[in-house]
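Throw the hints in and build the complete structure from the sequences for me.
What follows is each chain in one-letter form.
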Amino acid sequence: MKTSLGKSTVAAEAHLLSNPTKKSRRMSTSAAAMSATFDKYAHYLNTLNDKRERVVKASRDITINSKKVIFQVHRISKYNRDEVLEKAEKDLAAVTDQHLSRLVKELQGTDFWKLRRAYSPGVQEYVEAATLYEFCKTGKLLNLEAINASLLPLSDPSFEPLQINILDYVLGVADLTGELMRLAIGRISDGELEYAETICRFVREIYRKLTLVVPIMDENYEMKKKMDTMLQSVVKIENACFSVHVRGSEYIPLLGCSDPNFSFLGAQELEL
Amino acid sequence: MAADAGDSSFSSSSMEKQFGGFLQQLEQSGNLRDKIRAVAAEIESSTRVMHSCLLLVHESRPIPEVAAKAEAQIEVMKGLYGRLAEILRECPGQYYRYHGDWRTETQTAISMIAFLHWLQMGNLLVHSEVEQKLGLDSSEFGLDIEDYLIGICFMSNELPRYVVNQVTAGDYDCPRKVLAFLTDLHASFRILNLRNDFLRKKFDGMKYDLRRVEEVYYDVKIRGLAPIGDSTATKGPKHKHG
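Going down the list, the sequences are from chains A and B.
Last residue of the first sequence: 272 in UniProt numbering, with the numbers rising by one and none dropped.
Last residue of the second sequence: 242 in UniProt numbering, with the numbers rising by one and none dropped.
Simulated from the structure, these hints should not be mistaken for lab results.
Any given hint could turn out to be false.
Stretch-level coverage of chain A by chain B, calculated; a stretch enters the list once three of its residues show a Cβ under 8 Å from a Cβ in chain B [as the list claims (entries may be wrong)]: (1) 44-51; (2) 112-118; (3) 213-226.
Computed far set for chain B versus chain A, every beta-carbon distance over 10 Å [to be verified]: (4) Glu71; (5) Ile87; (6) Leu124; (7) Phe198.
Think of the CB as a built atom: it goes at the ideal place given N, C-alpha and C, for glycine as much as any other residue.
Right under this line is the structure:
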């Protein structure tokens with residue numbers, strides 16, 4: 001909190017008020033004193049609102065560009081994996097260097113919770129992009145600790161460094177499961193059934209872990225909705241895996257075929 | 001598919017550790033929030049006591065008598081804010097994480113403290129003075145300026161009723177004084193560039209208070225009840241509609 005404001009004007013005002021012989025002067029003076037103190041409040045509000053606007057803009061840029069990383073990762077297939085991920089890594093690094101760094105600079109030296117509403121959407125999207133990339137690269141969940149460590153070089157060492165909080169991380173991971181669902185369905189259509197099953201186990205595990213965390217989160221209304229969506233994603237992947245499993249005998253011979261056609265897997269039921 | 005075997009490969013290692021850590025940290029902040037809410041509830045009950053004291057001004061009780069009881073509550077609140085600051089010391093830099101838990105109570109408290117101050121002094125209690133009265137230190141646990149301003153808007157809501165009752169009790173000079181104060185206050189608020197938020201909404205409501213006080217002033221003046229010499233010297237040209 002940095003809200004200290006002067007109080008000398010008020011003492012003067014009180015003094016004048018207690019002196020009934022200066023009535024006409026009193027009115028104009030008290031009005032002037034009041035507007036002088038309000039000038040300080042106005043300055044505070046203007047500074048805060050300008051900062052908020054810049055934070056919102058940075059957050060929006062982070063969102064847009066993180067979405068591009070996510071789309072890039074979805075272009076993955078059996079044949080182009082390395083090259084797709086390489087480009088995704090570059091794009092992600094660009095988001096960090098160009099946009100997330102702006103957020104860090106804007107927020108350093110302030111209470112990170114004050115403007116959380118303004119930057120939370122961007123940070124969540126960034127967590128989503130970073131964790132999706134990491135999963136495709138290593139098959140693991142990128143830890144909050146690792147993300148926060150990567151943010152350290154962005155901030156001025158003389159300030160408390162900006163760290164993503166648990167809430168935004170968990171909200172981002174919840175969105176990640178939606179992307180993983182798309183990825184799993186895509187892999188199944190490409191015939192990479194085992195990879196889809198790996199994704200399925202991974203998403204299930206995230207869901208299971210979050211069922212414990214979500215009920216004690218700060219403001220968990222948004223998160224509870226995401227849990228429902230997440231369960232739907234899990235079920236969609238499971239159903240897709242089930243379809244392939246049950247009707248496997250019908251299409252396995254096609255796997256070696258250069259032009260596989262899996263429309264009978266019931267993709268239209270998956271509502272992609 | 002061998003789901004069980006797969007599960008263990010994910011749930012072991014780092015994922016287990018991370019979410020276990022989250023649980024622990026969230027439980028801690030939940031406990032902290034419970035403590036804060038308990039104090040906030042006490043602040044709220046203190047504001048209710050203070051409110052009931054202040055309501056006596058509408059029955060034209062002498063201000064010093066009303067103030068004595070109400071001021072005792074300010075001391076109570078001061079103690080409570082001290083406890084709140086102490087709790088928050090456990091988590092530096094997270095004032096705004098928990099801010100919502102004492103916000104409304106604080107706004108109400110400010111409205112009453114500022115109203116009492118106006119009754120006694122006839123002028124506006126400014127932000128730094130509220131901090132002083134409540135023993136707040138802006139370097140660690142300060143008073144949010146927006147909360148202060150919202151509290152002042154609430155205070156303005158009290159004034160029309162006060163004016164009406166004062167006139168009924170025979171104080172015909174009161175509308176002039178209140179109108180002058182409220183006009184200045186309204187003009188000062190217009191200096192602020194407000195966003196489309198709660199404060200803006202409350203400020204928009206202030207003009208109805210101003211209008212009501214103007215009406216009372218008009219009623220009193222047109223019937224020749226207002227002390228004439230005084231009012232022409234001080235009011236008149238400054239008077240503008242919100």
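Verification of the supplied hints:
no.	hint	result
1	44-51	holds (count 4)
2	112-118	holds (count 4)
3	213-226	holds (count 4)
4	Glu71	holds (17 Å)
5	Ile87	holds (15 Å)
6	Leu124	violated (6 Å)
7	Phe198	holds (13 Å)
Violated hint: 6 only; the structure is consistent with all others.
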